[in-house]
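Participant: What follows is each chain in one-letter form.
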Amino acid sequence: MHHAEFDNIDDEALWLEIRNSNRQALEVLYRRLFKMLYQYGCKVSRNPTLVEDSLHDMFLDLWKYRENLFATTSVRFYLFSSLKRRMVKNNDTETKLSRFDFQAAQAMYEKEFTQEDLMIEREHEDQRIKRLKKHLQDLPPRQYEALLLRFYNEYSYEDIASMLDVNEQSARNLVQRGLELLRKYSEILFSYILVCLNTRFFF
Amino acid sequence: MKNYENYTVTEFVEDEKFLKWVKYANLYPELDAFWREWIVQYSYKVTEVEEARRLILAVQDEGQLLAILKIENQVWERLRHSMLDEERKKATQRNGDLAVAATTTLLLIVVGYFTYSSWITPPQAVGDNFLKEINNASVPKAIVLADGSSITLLPKSELQYPTEFDNNQREVILSGEAFFDIARESNRPFIVYTDAVVTKVLGTSFTIRAVSAEENVSVKVKTGKVSVSTISLPKDKGSSEVVLLAPNQQVTYSRIDEKMRRSLVDNPEILHSVHRWNFTFKDTPVNEMFNQLENAYGIDIIYDEESFSNCSINAALDDMHLYDKMRLICKTLEAQYEIVDSHIVVTGKGCND
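As you go down the protein sequences, you meet chains Y and U in turn.
My numbering applies: residue 1 is where the first sequence begins, and numbers increase by one.
My numbering applies: residue 1001 is where the second sequence begins, and numbers increase by one.
So here's chain U without its partners, still in its complex pose:
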């Protein structure tokens, strides 16, 4: 009999009898009885046993998750092909029937082709070359433009766009709210007109909300750089205001005072990069920690480096919103933070006594 009472956590994990028990207790009743009795007898080992058990279960869950995901993808591929076959069968069946029929059915062929080959209802034609997409449903609607850009039109919103873009620029008109994911073309800026502001990009993703009944208009940037300017009326002498936004920044335009205010989005996201950020800090100097946060989110954090230079921090800040991270950090450092313009400003007495 092994002297399990001297086992470390790792030794438990690597032990075959232990592994079998944790994974398949109900299939090995004798083993189950053995371990339960053993734990009662050697109750001081319970912490090690629990930790070892958790490690094994975590790997087990992960393995099962991957296995099911694999099956999910396989079944989806089958399903996708089956669905396509089904549509083809329906289409050929229809065409087959119609081919035998008289001239009046010619109209039906046109309608049939349109219904089966496009997955979204066709946009309305407005004027000569412009199309209008209206979303009257309660779910977002996806639109793909000729340049490959994709726009998600939210409910109660409208988008007008030309059948073919200009050679020099790509222009659309938005009323309501939409998320834009614009294909990058350095020679052709993409411009979104709303009744209050004009947003111009080369290739980025962002959200614009411009509802005529609402006081504020906002533009929130997810990736890339965006320039937002107010629409200046001919009678105004001054030029319009322009604001350049970076990821995680937003600008709010007030229809009442006709001013733009820059700030940060409600939930800043970590910038897309190859680096996998780790926000667990152990005795980390505070400067280093703020640097990491700045790099990860692309947001400037302003604080008095001198007074915080002796501070170090222990904290586990993964998997939480940036503002929750800031809240915990400030709690630990006995400081406060606030969003000023598009920066985070931290104030506190620091660690110099």
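The following block holds chain Y by itself, in its conformation from the complex:
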């Protein structure tokens, strides 16, 4: 549930609210940080169940021991390092990952975890991709579905056809049409928004 009145409250204020047993504040903090924490957890370990369980346990303990929370200058820093610590602990007791894998993950963490990481969004920063995503969301729902099934899930047209309850040709048409619309929208944008052409390519 989205609690709009908390939109402008920073993490540290939410933290104090949680200490005062404000359940809504906990949910707001959870939803605000989940994606980042989850993506970070997946970098530390390739086991998604471990990441999910650790996130669950971490927030539960946050609530259980909320009265003992101390004020912190960076909630995110605390939660990121707490998550890693917890994943290490959980993994040790369950020994799901082999020793070797875990050391590799550990090394990766040591090298990459900086304050800057917390601030940088780990999505593609290309503005054009961001806009494409917005247009994607505006597509008719079946075209949207078809594009995701084809290019994200990589299902065959045969499978997509049965999932969307159409024949194979219709499935192909949905994808074609979706791509056409996406391209049409971005074409208009490209012509009329003054943007410095990004000449730096991906390599």
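Worth double-checking, as some hints may not be accurate.
Derived DSS-like pairs (lysine-lysine); straight-line CA-CA distance at most 25 Å [as the list claims (entries may be wrong)]: (1) Y:Lys84 - U:Lys1070; (2) U:Lys1282 - Y:Lys130; (3) U:Lys1002 - U:Lys1017; (4) Y:Lys133 - U:Lys1020.
No lab work stands behind these hints, which were simulated from the structure alone.
We have chain Y already, so just place chain U on it with the hints.
Facilitator: The following block gives chain U in isolation, referenced to the frame of chain Y:
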């Protein structure tokens, strides 16, 4: 070997080798090397390749976003239940202990029940039937009333309300600022009294700011219709002023000259509707564009239809505030806009030469 050099953007996107490369370059080093070399060799295809790549990455990001959102919701459900279990355990534990203890612990049971079953600090009792909620914190406080209305009380504000509403109307008193989301009841209007104005609704959402130290009092409407009137003192001969507000409108009452002025809110929002508005215009007649904006925001736009009748416009105006849209439109049309009362007025020489 396929002749990729003749491929269109769509053909690249549908090509399996291309798709794999864009999505998992680091997992397929040979494929990566192939495509990098190919692009150097056929550098004139770079625009198509880039566009195809962006399309794929956009879908990829979207897919990942949805996947993580799904997990977020699943984990939250688990967490919610775990938290409830935890509270129940604590409560029964406490009751269990107390059940064994002596009569002095009876008081503790009352306090315990109150603390664990309400998530907000209890309001103070003021007088017989009135409760007073004070927000001394630095964050907004949520209040839910008996009729289901919800009020978000901002810091340094107070709300007084009865334990039970009257049969004919629902009345509360506000000092400071709050956002109201009022449950609709056609038989019982909801009335908010401040020291300067009275706001009356049947079921809508709006914000009132009435701080005694400040010169102005304002009411901003998000949804529904709201009537705002000044409080007339018995000694005044004239009746009080009444203003009817629609969504995206606001009224500012000045304590100094005791007058109400109607205008538009700082950031008008698109009215809630099933329709998904698209503000990308390609060679669209200006009349059509203004119509769309009027319908989407519920705000009147006044302009000389005749002099603008030959104008058409190309613009992409999605995802920006209404006033930014107006600014761009006026720039394109070499016109100006201003907010007069609760309308937008556009003036310019138009396109008739």
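Participant: Determine for every hint whether it applies to the structure shown.
Facilitator: Hints, verified against the model:
Taking the CA atoms of lysine 84 of chain Y and lysine 1070 of chain U, the gap is about 22 Å. The hint holds against a cut of 25 Å. Distance restraint check for lysine 1282 of chain U and lysine 130 of chain Y: the Cα-Cα separation of roughly 22 Å lies within the 25 Å cut-off, and the hinted pair is therefore satisfied. For the given pair, lysine 1002 of chain U sits about 11 Å from lysine 1017 of chain U by alpha-carbon distance, which is consistent with the 25 Å threshold. Annotation: proposed proximity of lysine 133 of chain Y to lysine 1020 of chain U holds, straight-line Cα distance about 20 Å (limit 25 Å).
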